[in-house]
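Undergrad: Sequence:
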Amino acid sequence: MLHCTMSRSFRRSLNGSLGLCITILICMLQSSVNAAAKPPQREFYEIRVYHVKDAAQESTVDHYLEQAFLPAVHKAGISKVGVFKPVGNDTAADRRIYVLIPYKRLEQFQQLPEQLEASKEHGTAGAEYLDAAYNAAPYTRMEIMLLQAFSAHPQLELPALSGPKKERIYELRSYEGPTEKLYRNKVQMFNKGDEVGIFKRLNFNAVFYGEVISGSHMPNLMYLTTFENKAAREAHWKSFGSDPAWKQLSALPEYQHNVSHQDIMFLYPTEYSDY
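So the sequence shown is residues 603 to 877, counted in the numbering used here.
The hints are simulated quantities; they were obtained by calculation from the structure and are not laboratory data. Remember, it's a predicted structure, so these values are computed and weren't measured experimentally. Even for Gly, the Cβ is constructed at its ideal location relative to N, Cα and C. Warning: the hint list may mix true and false statements.
What the hints assert, rightly or not - DSBU-like mimics (lysine-lysine), calculated; alpha carbons at most 30 Å apart, straight line: (1) 655 with 783; (2) 682 with 655; (3) 783 with 682; (4) 783 with 767; (5) 768 with 849.
Stated by the list, open to error - Computed Cβ-Cβ distance ranges for the label pairs, DEER-style: (6) 723 with 851: 43 to 51 Å; (7) 786 with 730: 29 to 37 Å; (8) 839 with 719: 40 to 48 Å; (9) 781 with 850: 21 to 29 Å; (10) 865 with 805: 19 to 27 Å.
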């Protein structure tokens with residue numbers, strides 16, 4: 603239903619079909635203006651990390667994610683789920699699989715486990731994983747982190763990449779703050795200081811920026827940038843380091859000492875990942 607703020611006297615002056623058309627047009631214009639004025643709603647993100655010890659566990663988790671989990675999540679209304687593995691994962695003692703699930707509303711995160719449990723297709727396709735015995739578990743440990751998108755980048759954006767998935771570099775960064783106040787200062791540096799804008803101008807193809815609401819390392823923020831390959835990644839960061847706007851921002855006294863620890867993970871998307 604269209605809602606307009608025209609006065610009653612003005613409405614009465616619009617008679618007949620022409621008046622009705624003008625009324626509808628004005629209502630549509632007002633609705634467009636109101637929609638444009640309202641900022642996009644900040645999404646939520648779940649990052650799920652599977653730790654696996656060998657190729658057998660990795661294969662079981664891969665099969666579950668591709669054949670059962672992603673189809674069920676898509677059916678639940680979440681169309682784009684990312685699945686990634688660290689570069690060099692095959693030779694790592696602790697292999698990992700990262701799953702990124704975006705939610706428009708927090709209720710989706712809360713409701714998804716029940717939806718998966720109620721799905722017969724999910725239960726059948728994922729039986730090997732779901733019904734695994736205690737002494738033949740499909741993973742050694744699973745972590746779950748819940749994030750909310752930055753106000754400066756409120757919604758997930760698919761990367762504009764075209765090369766082979768195996769060659770792509772997805773760089774997941776985690777910044778911990780020494781205190782809650784200094785952590786908030788770093789978030790402000792991204793939002794109000796426009797660090798997000800610098801990344802965007804330099805074409806870092808950021809998928810998301812998020813404040814960690816719940817996780818094992820707090821206080822914490824994370825973000826994911828993407829590149830066609832490792833050489834492109836190095837070139838982008840070289841440009842970032844010499845960018846005048848970044849040099850000016852990073853030198854401001856109010857943005858000093860707001861990161862106490864950072865982790866950098868180089869990932870690539872699996873073939874069945876949605877991006």
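Undergrad: Hints first: check each against the structure and report whether it holds.
TA: Structure-based check of all given hints:
Under the criterion of a C-alpha separation no larger than 30 Å, the hint pairing residue 655 with residue 783 is inconsistent with the structure, at around 38 Å. Pair hint residue 682 plus residue 655 holds up; C-alpha atoms about 27 Å apart against a cutoff of 30 Å. Distance restraint check for residue 783 and residue 682: the Cα-Cα separation of roughly 33 Å exceeds the 30 Å cut-off, and the hinted pair is therefore not satisfied. Under the criterion of a C-alpha separation no larger than 30 Å, the hint pairing residue 783 with residue 767 is inconsistent with the structure, at around 39 Å.
For the hint linking residue 768 to residue 849, the alpha-carbon distance of about 33 Å lies beyond 30 Å, and the restraint is violated. The given range of 43 to 51 Å is respected by residue 723 and residue 851, whose C-beta atoms sit roughly 49 Å from each other. Against the hinted window of 29 to 37 Å, the Cβ-Cβ separation of residue 786 and residue 730 comes to about 44 Å, which falls outside the hint. Restraint check, residue 839 to residue 719: a C-beta distance of roughly 43 Å satisfies the suggested window 40 to 48 Å.
A C-beta distance of roughly 25 Å is found between residue 781 and residue 850, which places it inside the suggested range of 21 to 29 Å. For the pair residue 865 and residue 805, the supplied restraint of 19 to 27 Å holds, since their beta-carbon distance comes to about 24 Å.
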